[in-house]
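Trainee: Okay, here's what each chain looks like letter by letter:
4 protein chains.
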Amino acid sequence: MTEVSVLGATGMVGQRFVSLLANHPFFRIAALFASEKRKGLKYGETVNWVLEEDIPESVKNIELRALGEEVPTKIVFSALPASIAGGIEKELAENGHYVFSNASAHRYDEFVPIIVPEVNPGHFEAVKYQNTKGFIITNPNCSTAGIVIPLKAIKDTLGIKKLVVFTMQAVSGAGYPGVPSLGIIDNIIPHIEKEEDKIKTETRKILGDFSGKFEYADFKVEARCNRVPVRNGHTEVLFIETDKKADVSELKEILKNFSALPQKLNLPTAPKNPIIVKDDKFRPQPVLDRNAGKGMAVTVGNIRKADIFDFTLTVLSHNTIRGAAGGSVLNAELFLKDGKLEV
Amino acid sequence: MTEVSVLGATGMVGQRFVSLLANHPFFRIAALFASEKRKGLKYGETVNWVLEEDIPESVKNIELRALGEEVPTKIVFSALPASIAGGIEKELAENGHYVFSNASAHRYDEFVPIIVPEVNPGHFEAVKYQNTKGFIITNPNCSTAGIVIPLKAIKDTLGIKKLVVFTMQAVSGAGYPGVPSLGIIDNIIPHIEKEEDKIKTETRKILGDFSGKFEYADFKVEARCNRVPVRNGHTEVLFIETDKKADVSELKEILKNFSALPQKLNLPTAPKNPIIVKDDKFRPQPVLDRNAGKGMAVTVGNIRKADIFDFTLTVLSHNTIRGAAGGSVLNAELFLKDGKLEV
Amino acid sequence: MTEVSVLGATGMVGQRFVSLLANHPFFRIAALFASEKRKGLKYGETVNWVLEEDIPESVKNIELRALGEEVPTKIVFSALPASIAGGIEKELAENGHYVFSNASAHRYDEFVPIIVPEVNPGHFEAVKYQNTKGFIITNPNCSTAGIVIPLKAIKDTLGIKKLVVFTMQAVSGAGYPGVPSLGIIDNIIPHIEKEEDKIKTETRKILGDFSGKFEYADFKVEARCNRVPVRNGHTEVLFIETDKKADVSELKEILKNFSALPQKLNLPTAPKNPIIVKDDKFRPQPVLDRNAGKGMAVTVGNIRKADIFDFTLTVLSHNTIRGAAGGSVLNAELFLKDGKLEV
Amino acid sequence: MTEVSVLGATGMVGQRFVSLLANHPFFRIAALFASEKRKGLKYGETVNWVLEEDIPESVKNIELRALGEEVPTKIVFSALPASIAGGIEKELAENGHYVFSNASAHRYDEFVPIIVPEVNPGHFEAVKYQNTKGFIITNPNCSTAGIVIPLKAIKDTLGIKKLVVFTMQAVSGAGYPGVPSLGIIDNIIPHIEKEEDKIKTETRKILGDFSGKFEYADFKVEARCNRVPVRNGHTEVLFIETDKKADVSELKEILKNFSALPQKLNLPTAPKNPIIVKDDKFRPQPVLDRNAGKGMAVTVGNIRKADIFDFTLTVLSHNTIRGAAGGSVLNAELFLKDGKLEV
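Protein chains in written order, with the numbering used here: chain A, 441 to 783; chain B, 441 to 783; chain C, 441 to 783; chain D, 441 to 783.
Isolated chain A (complex conformation) (with noise of 0.2 Å):
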C-alpha cells in the first residue's frame, strides 16, 4: 500500500478523495489537512458531510493537520481552492512530492500537464521538465473532464475542426455551500465565472500534444455555461465539426468501442466502459445516468446530424467523481507501477 494524504480534506471535492481513498487498493490515507482552525479535530467531528454514501469508519478518527505542516507522504493529492493552491502546491512539488491536484492553480503552466488518463497518458512526459524534485499533476475542470473522452474517440477516428459546448452544471461544481439556493430553485444562471475560458484552454491542451511543449490541438472552441438546479451530474451539449465525414451509426460505434490505457491497465478506478452510448434520445439524464462507472463513465446520447456542423450530442458525466477527486486518483493510480510507487 502506498501511504497518501490529501489537502483540502473536509471541502466537497476532499470529501470526495476521502471517500474513494478510504478503501482503495493501492492507497492507504495517512494524513488529512485542513485550515488552521481545525487543527487537532477528529475529521469525522468536524467535516461538514455533504456526500450520498456514508463517511468511511476508517478516516472518522483521524486528526486534521493544518495546512503548512509537513507533509508525511511522497503522493499528495490537493482539493485546495485556487486561491492559495498555487503556492502550496509548487512548494510541495519543489520539496519532492508528488501532488496531484484538483485546482486549477497550475493547469495552464508551461509543463504541467492536464490529464485525463484515457485520453493524454503520454503527457505525464511534461513532468520531466518542471524542473522540481518532485512534480504537480493536474485534472481537468469539471466541465473539461467529461466531454474530452468522447472528444478523443472521435478526433482520433474523423478529426475535429470546430466544437461548441452548452452546459447545464450542477450545483456540486461551485463546491459547499457555494450556491445559495436563493440563487438556483426554480431558476437557472445564465454565467459561471471563467468557466468558458477553461473549456476553451483546456479541451485544446488536453487534445494537443507534447513533445518538449505543449502544442494545442488546433481546432476552434467556443462554449456557453449555465447553473441548473441539478444537484450532481454536469449534462453538455456538443456540435461538432468533424474532417472526415461519417454518419450517426458510425459515430455510435466509434464511441461505444473506445477503451483506452486505465481499461487495459485494469486500475482500480477506471470504468470498464469510458463511453457509454444511448440510443434513447431523451438521455443521458443526471438522475438515471451520473452514477454510471461508479461516477467515472462518460454517458453520450441523443446523436444526431446537424445542419450547421456535422454531429450534436449530449454528454454527461459526475462533476465531483470523474471532474475531480476520482479523476485525480485515476492519475495517481495510472502513475504507479502495477499499483506500487517504485519510481
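Be a bit skeptical, because a hint or two may be false.
No copy is singled out in the list; a pair is fine if it fits within one copy or between any two copies.
[What the hints assert, rightly or not] Pairs of lysine-lysine residues, derived as DSSO-like cross-links and limited to a Cα-Cα distance of at most 27 Å, are as follows:
| no. | residue 1 | residue 2 |
| --- | --- | --- |
| 1 | K601 | K684 |
| 2 | K745 | K602 |
| 3 | K500 | K568 |
| 4 | K734 | K777 |
| 5 | K634 | K692 |
| 6 | K660 | K595 |
By construction, these hints were calculated from the structure, which means they are not laboratory data.
Given the coordinates of chain A, work out where chains B, C and D should sit on it, guided by the hints.
Mentor: Same frame as chain A, but now just chains B, C and D:
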C-alpha cells in the same frame, strides 16, 4: 367591447387566456369551451387553476360549453391541443370566425401566418388568401416566440447568416399535468419532441417575407432543446453569425432601441420596451426576469463576441404569456381597428 | 430458488420489485404481468424505467404477460393499483397463490394482515383464517411502514398513549407519472388523499394483536400529510405520549438496541440495524439517509423531550423500498423456511 | 411625507424594506445603511438584488452610509442581523430614534413589544416604559408572524388551551446567501436553530397582555421546524385545543370574519382581508397563496376536526413580507397619526 370565446379554457394556456382577457379593455369573454365531460359545469368549480394570480371573479360562474357546440362570437382564441385543433379551427374559419390560435396544427399551412406583432405584422396579409369566410392566425411555439424579437432587431440592422439555439425550457411549456415531477426534480431532460424542428421552421417563416406566398428567411438554423426544473420562463442561448460586423456596444444599442408597431399603437398587452437589455453577465434569470413587462418583454443579457460565429447572448421570455396566450391576445389587439372589430 | 411473478411490473413500485428480485438469493422472476396493451412486449423495451440503478440485464428480454392470464408461480408479488388489485388478488388467493401485495385494497380485510417483519411477524397467523387455498399478505402504506419500527421499540418498552404524525412525503410515493412538476417545484401540497386515515388505521392494526381476530392497539393517533419536492424518502415528525417516562438518552438506547426476527434470521433484505439513530439535530435528511441499509433501515434523529406529549423525533425511510417493494419482499423471505417454499 | 432610514439595506429583508418603502404614501427613504465596506457606493450598483420585482428606480442612486454614522431620521427600520442589532438599536433608541426592528435581539426585553397590528396594537403601550428618548418596536420571527393572526381570531372566540405547530419553511427565511443549494435540492432539513423556541415564546407574548408588564398567554405550545425547497412562503400545520367547542363551519366563519384595527384604519400596507379561508383541502400552497394581499394576508385551509386536540388547519404566509419587512412597515403605519409623525 368585442366579445370573444376561448377554446380549451381549462388547460394551462387556456387559463392564461382567461386571466389576460378577464379585465381586458377591448375584449369581453362571452363563452368558454372545454371537453364534453365538463359541459354545463361552472368554470370556477371545475378548473384546476394553476396560475400564481387568482382566478378572476368574473369568470367563475361562466358555464362551460362543449367543443362542437356553436361558437357565439366572431373572435375565437384557441388553446386546444394540436391533436384536435386542426379540424375544429378549420371549420370555425370556414364558418366565418376569426381564429387566433396557439396550437401548432395550422402554423405551417400555406396561407396561415405565424405572427409576432413586433416582428411581422405584414404577414396578416396572408389571411386574404385563406379562401374561407373567416381565418386562422397563429402565434409561434413558446421557444420561438421569445427569440424572434431580438433576432428581428439584429436581422434588420446587421443581417443574419447562421443561428444556433440552445434552450433550457420551463416545465409549464409542457402544459398540465405535463412533465412528471419524478422526471425533473434534480434532473435535466435533454430532448423535447418536435421542438427543434419547430424552432428551425418557425424562426425562418416569421423572419421571412410574404408577398402572395411565404418566403422563408434564408439563414441556417440549428437548435437543441432541453427541459429544466423551472416553473416558468424559457432561457435560450444563441450564437449568431451576422452579415455586417459590429461590436458588443453597437449590438446592445440595436436591441435597446428596438420598438415596433405594437408600441407605437400603444396596444394594451404590448410591453413598453419589447427588449430589455441587461449588462450583467448573470442575467437574465427566470425568477428575476420572466415577469418583465407583465410577461410580454424579452430580456437579453450575457452578450459577448464569440470565437465561432459573431455574437452569443442569452434570451429569456415568459413561455405561457409572450410564448403563448399573451402573444395570441396581442395578435388580436393588433387586428382590431382602434380597439374595435370593424372588419 | 423459488419462482415468483410480479403483477404491475412496469409501474414504479413494480420496477422496485424487479430490481430487488432480479439477483435475489431465494427468488427467481418467472413471469412479469402488465396491462393488456403491453402483452408480448419485452420488458426492457416497453418499461419507462425511472430508477437510479440500471434495469437488470436478466429481465430485459422477459415477455410481458397480460393481467388475467394464468399466473405460473405459487408466490406472486402485487404492485397493482388499489383500484384493480382487489378482485385480482382475491381470485389468485382463492386459486391457491400466495399473494404478497403492496396494494391497499385488502389491508383492512378481516383476516388480512399488514406485516412489517420487525414488528408483527405473529400476524402471519391470520392467513389461516382467510378460508382460501392461498392467501393475501400486505405490507403497509409507505408513510406507515417507516414509523412502525421505532414505534414498536417504544411501545414494547415505554408504552404508547398518544401519537401525532406530520409527514413530508416524497413525490415517488404517488407513483409515475404521479405528481405533476408544476404542482410541486417551489411548492408544498398540504394534503394527500386518504393518507391520514391510512396512518391512523394501519399503525394501530400493525401494533395491535391477533388472536383469532385483530385487536387494534388502543392508543390515539392523529396525522397530517404533506407532499414536498423530494424524489425519494418520507420524512415524518412524531410526537409521542408514553406510559412510562424516560429521558432522551434512554430512548436513544431503546432505539439503537432494537433488533428483531429478520435480523436474527439474517434475511437477505433485512438491514443489519433496522433503526439508525443520529445524534445530529439536522438529521435525518432524505439525500443523506434514504439509502441507509439499502433503503431498508429507518433513520431516527432530532430526538428531544416535548412540552406537550413526552417525546418528539424525526423518522426517515425510503418510501418505495422499505415503504413498498422492499417491505413486501422481506415479508416473503420471512414466510419461507430457510429460503425455501415448503408450505 | 415622513422620512425614514433603513439599516441593513442590502440584505434580503433590507431589500424588502426598500421595495415596500420606495413608493409608500406615508414614507420617503432618506438614508440607507450597510456595512463599512459599502460606504459611499450607490445602492443600485452594490446590492445583489434577489427579489422578483425590479429594484425601484428612485433608490438606485442613493449612496450607502456605514453603520455607525449618524442616522438622519426619527424613524428607522432595522433589518440588521441579530448579532449586531442589539447594541446599535439600543443606542438609537437612547438617542431618540423610533426603531422598528425585524431583528430578534430585543424581542424578549422587558418592555419591548413584538407587535402584529391585527393582533396586539395595545402593546404599543409598553414603549412608554422603555425609559429612553426614543424606543424599539419589534415584529415577530417569520414563522410566528403568520400564525398569530388566525390564533388571535380563535383565542378571542373559542379560547386556546394547547397549540402544536409544525413548519415547512422557505429558504428565504434564512436570508441570502443562507441555505446552500446542495443542502436543500431534493432534500428536507429537519431542524432550524432556535426557531422552535422563538415560536413558543413569541406566540405567547404577542397573544398575552400588557399592563405595566407583559403577561404571556397561558396556553401550552410545542413546535417542530423544518426547512423545505421552497423560495418564499412558510407553510405551517397547527393542532389547537380550544376552551369552547365548535364545529368546522363555525371556525371558518370566525376566521373569515376576522378584521382588526389596520383594516379599520385602512392602512396602506394592511390587506383588506387579513385571513383568507380556502375550502379546498389542497390549499394553501406556496406558489398559489404566498402573494395574497400583496404578501400581507394569511391563507388558511385544510381545516378539520382532529382526533387529538380539537382542530387542525394549515396556515401559509409570506415570510419576508408579512413575516418580516411588511410587518415592520405596518407597525410604523399604525404608529403614525393619520399618516403623519406627530409624536
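Trainee: All hints, please: hold or fail.
Mentor: Hint-by-hint comparison with the structure:
In this assembly of identical chains, the alpha carbons of K601 and K684 lie at most 27 Å apart whether taken from the same copy (10 Å) or from different copies (24 Å). For a Cα distance limit of 27 Å, the shortest separation of K745 from K602 qualifies both inside one copy, at 15 Å, and across copies, at 17 Å. Taking identical chains as interchangeable, the C-alpha atoms of K500 and K568 are never at most 27 Å apart, the minima being 37 Å within one chain and 51 Å between chains. Taking CA atoms no more than 27 Å apart as the test, K734 paired with K777 passes inside one copy only; the shortest distance there is 23 Å, against 36 Å between copies.
Only between protomers do K634 and K692 lie at most 27 Å apart by alpha-carbon distance; the minimum there is 22 Å, versus 32 Å within a single protomer. In this assembly of identical chains, the alpha carbons of K660 and K595 lie at most 27 Å apart whether taken from the same copy (13 Å) or from different copies (26 Å).
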